[in-house]
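We have chain A already, so just place chain B on it with the hints.
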Amino acid sequence: MSESPVKLIGCFGSPFVHRAEVALRLKGVPYELVEEDLSNKSDLLLKHNPVHQKVPVLLHGDLPAICESLVIVEYVDEVFDGPPLLPSKPLARAAARFWASFVDKQFRESWIAMFSADGEAQVASARETKANLTLIEGQLPEGKRFFGGDSVGYLDIVLGGIAHWMEMFEEITGVPLLAEEEHPALCRWAREYTADEIVRQCLPDRDRLLAALTPKRDTFVSIAKAMATQ
Amino acid sequence: MAGEKNVGLVLLDFWVSPFGQRCRIALAEKGLPYEYVEENIMAVKSDRLLRSNPVYKHIPVLLHDGRTITESLIILQHLDQVFPDTRPLLPADPYERAHARFWADYVDKKVYGSGSKMYTEPQMQTNIEMVDILKTLERELGEKEFFGGEHGFGFVDVALIPFTAWFESFDRYSFKKKSFDRYWGVKVAEVAPKLVSWAARCQERESVSNSLYSPEKVYDFAGMMRKDFGIE
Numbered sequence: 001m002s003e004s005p006v007k008l009i010g011c012f013g014s015p016f017v018h019r020a021e022v023a024l025r026l027k028g029v030p031y032e033l034v035e036e037d038l039s040n041k042s043d044l045l046l047k048h049n050p051v052h053q054k055v056p057v058l059l060h061g062d063l064p065a066i067c068e069s070l071v072i073v074e075y076v077d078e079v080f081d082g083p084p085l086l087p088s089k090p091l092a093r094a095a096a097r098f099w100a101s102f103v104d105k106q107f108r109e110s111w112i113a114m115f116s117a118d119g120e121a122q123v124a125s126a127r128e129t130k131a132n133l134t135l136i137e138g139q140l141p142e143g144k145r146f147f148g149g150d151s152v153g154y155l156d157i158v159l160g161g162i163a164h165w166m167e168m169f170e171e172i173t174g175v176p177l178l179a180e181e182e183h184p185a186l187c188r189w190a191r192e193y194t195a196d197e198i199v200r201q202c203l204p205d206r207d208r209l210l211a212a213l214t215p216k217r218d219t220f221v222s223i224a225k226a227m228a229t230q
Numbered sequence: 001m002a003g004e005k006n007v008g009l010v011l012l013d014f015w016v017s018p019f020g021q022r023c024r025i026a027l028a029e030k031g032l033p034y035e036y037v038e039e040n041i042m043a044v045k046s047d048r049l050l051r052s053n054p055v056y057k058h059i060p061v062l063l064h065d066g067r068t069i070t071e072s073l074i075i076l077q078h079l080d081q082v083f084p085d086t087r088p089l090l091p092a093d094p095y096e097r098a099h100a101r102f103w104a105d106y107v108d109k110k111v112y113g114s115g116s117k118m119y120t121e122p123q124m125q126t127n128i129e130m131v132d133i134l135k136t137l138e139r140e141l142g143e144k145e146f147f148g149g150e151h152g153f154g155f156v157d158v159a160l161i162p163f164t165a166w167f168e169s170f171d172r173y174s175f176k177k178k179s180f181d182r183y184w185g186v187k188v189a190e191v192a193p194k195l196v197s198w199a200a201r202c203q204e205r206e207s208v209s210n211s212l213y214s215p216e217k218v219y220d221f222a223g224m225m226r227k228d229f230g231i232e
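Chains as they are written, first to last, in my numbering: chain A, 1 to 230; chain B, 1 to 232.
Bound conformation, chain A alone:
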């Protein structure tokens, strides 16, 4: 079964698709990437993810589609050989799942709120975002490069989108998203993560991402100001 071909339906720049790609690459699994235009969803996507109509969607051989990035990552971990992505010990595993869930719920809410709010509300969301990132930063094991320890693991994969975002953000606004003094460990982690040999292969193309995000520069500058407010 693990030899059957793998197809991944994704879209450019999605941090959720990135999770699926990193997981597959860490396991050394070749895959075909199908890029969707989410403003014009293909029959393929609608057929395979009728419930949510979102990416990523994993197609493994003749099996029905697997959807939702975290579900995909756990599936990839269970089915393919290669370095384990989730911790094997029960408590560490439960903790990794907890923080993944936190990223997708509490952190994500505050992050998205920054983009849709302005003025005081935006500052409040920025404050919450920073507090959430501080909590996440606390999960980095002492003296280790990654949340997974010496190598990229589940939580690194879950947070991957943020690492890349941090780089892009500074490029667009001229200001870092996170202040080094406030989140030294997380800043260092972001650099380590995006420099990793395997991760680098599936980060979105820099120039293309810049071109896509530059029109929203004003929003990002507003967010940068909100993040910098004490």
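These are calculated hints, taken from the structure and not from any lab test.
Heads up, a few of these hints could be off.
To be verified - Incomplete in silico selection of chain A near chain B, CB under 10 Å:
1. 51
2. 53
3. 60
4. 70
5. 72
6. 93
7. 135
8. 175
Quick caveat, the model's predicted, so the values are computed rather than measured.
C-beta atoms are modelled at their ideal positions from N, C-alpha and C, and glycine is treated no differently.
Frame of chain A; chain B shown alone:
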């Protein structure tokens, strides 16, 4: 519980919480003894709860030899892993596991997401969403006895069954509000009859009937919550 080996499990819970009920059902299905601690989360939260779940400060919390595990679906998977000789909730096959995780996630995102709007949004939109969600679940259940299919009563069944006590609340609360001269009610029996039969089958299991409260009690609780939110 004479004669039962103490496996060091404590569950911090709140009687009507569907997430807490998932854990109670799972523990019963696995025949695992545990100490049940009722946390009155409507009042002041206990030190123990705040210490063991500092991020969310909510139940359920499973204490296993003093170590904490939170989030109901994570607790369920933890129990499967550390007690492999008990009845598993997730199937063994990786694809089936992914399938189960997807649908349990759907219950969390959609059933809970839409259902909890009942406290804050009296209008029609909540009902429209809920009908869609119920129909989706109905399609997924299909002709299966349980969502677990060949595996039997499993992860998704446990994830969803506690919310069925709230079906009655959807039904009754939907009837109470009329908007725009139209009358919207979510009659679950009409929208998702297979789901209703499934719920009845689940209720025949002791693990479920011992863990769930009557729709009447849940309805009263929901009413109280709506008053608190200023809707009634």
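Handout entry: Non-conforming hints, listed in increasing numerical order
Key = 2 and 8
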